[in-house]
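Asks: Please work from the sequences and hints to get the whole structure.
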Amino acid sequence: VPFCWSVFDIYRKVPKDLTQPTYTGAFISILCCVFILFLFLSELTGFIATEIVNELYVDDPDKDSGGKIDVSLNISLPNLHCDLVGLDIQDEMGRHEVGHIDNSMKIPLNQGDGCRFEGEFTINKVPGNFHVSTHSATAQPQNPDMTHTIHKLAFGEKLQLWPRMTTY
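Mind the numbering: the sequence shown is residues 1 to 168 in our numbering, read in order.
Think of the hints as simulated: they come from the structure by calculation, not from any bench. Zero decoy hints are in this set.
Straight-line C-alpha distance at most 25 angstroms; calculated DSS-like pairs for lysine-lysine:
id, residue 1, residue 2
1, LYS106, LYS152
2, LYS152, LYS125
3, LYS158, LYS106
4, LYS158, LYS68
5, LYS68, LYS152
6, LYS125, LYS68
7, LYS158, LYS125
Replies: Structure (structure tokens):
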């Protein structure tokens, strides 16, 4: 009994008892099934074999954000008097500020023996640093106790949270 390809014809237009399968219809049916299988397998291999692309780029500080980052700092120094506490900012663009005081506040703690420093400032998007120190004091203490607790350190704009989102 020879194999009959016409049994694979799935494009019959009228009920099966009134139709006659053809080789052309079977060929088209098999071709479509092979094409569907090819598409399925190519999508499956694309899904399974993901490609990891590592990309490194330099952010242009003059573009979009103006090259600045907002910083918010809230820190307690329980053993250092407020007159000695200051914020120093320096970067590779030549900025060097000792005792930065704009948008900052010093709140005495422990009957004046400690200090809580709260401040908001902007830094350039270039290598540099900022730190709380005693550099802005007129007279440097001998052995300053820089024990501290950071209550808040945030970079960039504050994000608005949706009602269902919580902070961690």
